[in-house]
Amino acid sequence: MGALVLAAGDEFTPPTAEAFNLPPIFGWVTKPMLLVVLSVVLIIGFFLLSSRKLSVVPGKGQFLVESFYDFGRNNIAREQIGSRDFLRFLPLILALFSFVLVNNLFGIIPILQFPTMSHIGFPLALSVLVVYPVYHYAGIRRHGLGGYLKHQLVPPGAPKPVYLLLTPIEFFTKFIMNPLTLAIRVFAAMFAGHLLIMLFGISAEFLLLHGDGITKIFSLFSFGGALAMTFIEVLIMSIQAFIFALLSANYIGAAMAEEH
Amino acid sequence: MILAAEEYNPVMPHVAEIIIGLIAFLLLLWVLRKFVVPRFEKLYEERTAKIEGGIEKAEKAQAEAEQALEQYKAQLAEARTEAAKIRDDARLEAETIKAELRAEAEQEASRIVAQGEAQLQQQRAQLVAELRADLGRNSVALASRIVGESLEDEARRRGTVDRFLAELDAGADGAGARN
Numbered sequence: 000m001g002a003l004v005l006a007a008g009d010e011f012t013p014p015t016a017e018a019f020n021l022p023p024i025f026g027w028v029t030k031p032m033l034l035v036v037l038s039v040v041l042i043i044g045f046f047l048l049s050s051r052k053l054s055v056v057p058g059k060g061q062f063l064v065e066s067f068y069d070f071g072r073n074n075i076a077r078e079q080i081g082s083r084d085f086l087r088f089l090p091l092i093l094a095l096f097s098f099v100l101v102n103n104l105f106g107i108i109p110i111l112q113f114p115t116m117s118h119i120g121f122p123l124a125l126s127v128l129v130v131y132p133v134y135h136y137a138g139i140r141r142h143g144l145g146g147y148l149k150h151q152l153v154p155p156g157a158p159k160p161v162y163l164l165l166t167p168i169e170f171f172t173k174f175i176m177n178p179l180t181l182a183i184r185v186f187a188a189m190f191a192g193h194l195l196i197m198l199f200g201i202s203a204e205f206l207l208l209h210g211d212g213i214t215k216i217f218s219l220f221s222f223g224g225a226l227a228m229t230f231i232e233v234l235i236m237s238i239q240a241f242i243f244a245l246l247s248a249n250y251i252g253a254a255m256a257e258e259h
Numbered sequence: 000m001i002l003a004a005e006e007y008n009p010v011m012p013h014v015a016e017i018i019i020g021l022i023a024f025l026l027l028l029w030v031l032r033k034f035v036v037p038r039f040e041k042l043y044e045e046r047t048a049k050i051e052g053g054i055e056k057a058e059k060a061q062a063e064a065e066q067a068l069e070q071y072k073a074q075l076a077e078a079r080t081e082a083a084k085i086r087d088d089a090r091l092e093a094e095t096i097k098a099e100l101r102a103e104a105e106q107e108a109s110r111i112v113a114q115g116e117a118q119l120q121q122q123r124a125q126l127v128a129e130l131r132a133d134l135g136r137n138s139v140a141l142a143s144r145i146v147g148e149s150l151e152d153e154a155r156r157r158g159t160v161d162r163f164l165a166e167l168d169a170g171a172d173g174a175g176a177r178n
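Same order as they appear, the protein sequences are chains A and B.
Sequential numbering from 0 applies to the first sequence in numbering that gives the first Met the number 0.
Sequential numbering from 0 applies to the second sequence in numbering that gives the first Met the number 0.
Next up, chain B with everything else stripped away, as it sits in the complex (with noise of 0.2 Å):
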């Protein structure tokens, strides 16, 4: 206030102050310049490629899991056509297995069926051939005995009796024929 010889103007600059004004601003942005603003930079660029990377990285994730799922469903498709192939093989190959044993147990019938009407063909003849002989020899015997007479020749015994038989035989086929 004392100092105030002169009127004090605001509007005119101190030289002074313009100087060391400017000093010190020029000292703040050439560390601003020089060292704040890089780090910021930096940073922000880190920040940016990893966020970029993240993106990245969860496509290719997204992406995999999807050629996973492909993979899946083909392979699940080719197991479905796989087990109905199977399954049709099987019933095709039931079907032959049915059809042989049953070919099979035709066979099996009819050769049993054979065997036992061949068995009875042979029994019968047997006991045909032994009632033959059997009634030969009681005919005889009986006939010796009623007529008295010996029938021991050969001949004649064997002329008559064969007589006799083919006469039952007769008989007997017009008594089957008739039943």
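Okay, chain A solo, but in the shape it has when bound (with noise of 0.2 Å):
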């Protein structure tokens, strides 16, 4: 970044949509395609690893890993979806949770230091590809394909008229927008944070290196928002990931419920 400043001269000029356009590695991989495979392997690793040796009573290490799975598994999956069919749809909720947060994190972490939903591509491939097909194989499955479809577009306790106007707006939400909004929830909040983050560093590397006299000190508070953004960074990474979990198990559930 601080190249591109320097390159520009000695005018300021704030980080764009350009600076989430980062050139190939090598051949046609980028920096965010080898992070996500980097988090895959390290979510794998840690679960393996981790679940290697449980015992009936935990140690402490079993004791986190226990926390962060019964996170997933009891206040997402299995408050959103129902006790009686969580289980199945478990493994999904948890791997969408852990490989969301992961990928969210990396954008804080020194080298690593990219947000992968921050490009648009992997969170709707999540979205699109892997929970709508779910969500509606799950509720035709229960329902039938006739009884799925009215139960999702036609929900009870309306007067007849309404439906006029309801049904198309169901239709809508459930089968457009839903997994559009999942995608573009988690793409917009990585993408704004890490532009954020950036125009402070950027502007803190300009003050102190183009300022005059007093106008460096300035640089100090540039720095100060930079670090206080990483931190609030983590809560917004942390909380997306959750959303994200939790919308899925909540479509899930929806599509399953026996009624509204």
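No lab work stands behind these hints, which were simulated from the structure alone.
One should not assume that every hint holds.
As the list claims (entries may be wrong) - In silico BS3-like cross-links for lysine-lysine, where the CA-CA straight-line distance does not exceed 27 Å:
id, chain 1, residue 1, chain 2, residue 2
1, B, Lys49, A, Lys59
2, A, Lys59, B, Lys84
3, B, Lys56, B, Lys33
4, B, Lys97, A, Lys59
5, A, Lys149, A, Lys159
6, B, Lys59, B, Lys72
7, A, Lys52, B, Lys59
8, B, Lys84, B, Lys97
9, B, Lys33, A, Lys52
10, A, Lys52, B, Lys49
11, B, Lys72, B, Lys49
Unchecked claim - Just a sample of chain A residues kept apart from chain B, beta carbon distances all over 12 Å, derived:
id, residue
12, Ala18
13, Glu65
14, Arg141
15, Tyr162
16, Thr172
17, Gly212
18, Ala225
19, Val233
Backbone N, C-alpha and C fix where the C-beta goes; we use that ideal spot for every residue, glycine too.
Using the hints, put the two chains back together into the complex; each one sits in its own frame.
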């Protein structure tokens, strides 16, 4: 980023969307692709190693792993899907949660320093190609195709004429918007957060290098802003991962629910 | 930056990223489904079974303890009634023994008294007979000395002595009655 600023001369150039357009590292492989692969390796390694020797009475390490597992299991999957069916979807929910969480956190880890989910292709792959087919399939298997469509598009309890309006809205929400908003939510949060941190970082650097006399001091404020944003980002990254998994579970639960 | 000949649009997804993201995620999902979740769920089942087993065991132990307590209480009550019974029996027996002893002692006492009386009677009779003989002899001797005549004559002598004794008896009886 420093190079970017210096190349532009003494004029301050704020970071733009171009900053997310990373050149390939080799061939057509870009940094986010490597990060995604790394995240999967890390998560798989973590879970396989930590679940190798599970004992009925947990030690300290196992207790931490179990806490994480239980969070996905009880607070997300069971809460949203219901205790009858949630075990079937537990691997999916757990994978979504840990995958999004680790890829988000890459944004504040030194050297890696890039939230993978700020490239919209990754959250889209999860929401449109995984979550979307899964919840419709689960609903159709539970209610049959006709029953499922009726269940989803004609929620009971409204006066007849209202359905003229309600059914198209329900269709639009459940068959078009849900997967898109799911992806865009985490993408936008990561994109904006990373941009903000970059802005604070670059401005701190610019003020320090190109400021004259007293303006150099303001570099400290910018630097403090970057630091504060980093802490806030940790919170947002975790919350976004939680929301992603929670909404996915919610869609599945709603598709399989007996009544609204 | 040089590559960005065409404007970079962050909202347009890269197909390569979608594919890589999907494959990576599906790999993760497969590992979780195949290994991780079954391991944890098996652990949870074991834990539940162990806890439930522990509770069951504790309940069983408690039931056993209660049963033992009941048994002890019953045995204690039984022992108490038995002790009371034994005590009653002993008291009863003691009373019979006492009564028997008393009867025996009374019998013995009356026997001793009777024996004493009989002995006394006998001694008295003996004494009376001896005295009667002595008195007869002494009287005859005294009388013969006083009278000077021989009272050797058998027939007379017997008659005299007997008469005297009869008189003496009557006198003694009269004196005894007066006393």
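Structure-based check of all given hints:
no., hint, in the structure
1, Lys49(B) with Lys59(A), "20 Å, holds"
2, Lys59(A) with Lys84(B), "66 Å, violated"
3, Lys56(B) with Lys33(B), "35 Å, violated"
4, Lys97(B) with Lys59(A), "84 Å, violated"
5, Lys149(A) with Lys159(A), "14 Å, holds"
6, Lys59(B) with Lys72(B), "20 Å, holds"
7, Lys52(A) with Lys59(B), "32 Å, violated"
8, Lys84(B) with Lys97(B), "20 Å, holds"
9, Lys33(B) with Lys52(A), "16 Å, holds"
10, Lys52(A) with Lys49(B), "18 Å, holds"
11, Lys72(B) with Lys49(B), "34 Å, violated"
12, Ala18, "9 Å, violated"
13, Glu65, "7 Å, violated"
14, Arg141, "20 Å, holds"
15, Tyr162, "34 Å, holds"
16, Thr172, "21 Å, holds"
17, Gly212, "32 Å, holds"
18, Ala225, "21 Å, holds"
19, Val233, "22 Å, holds"
The structure shown violates the earlier hints numbered 2, 3, 4, 7, 11, 12 and 13.
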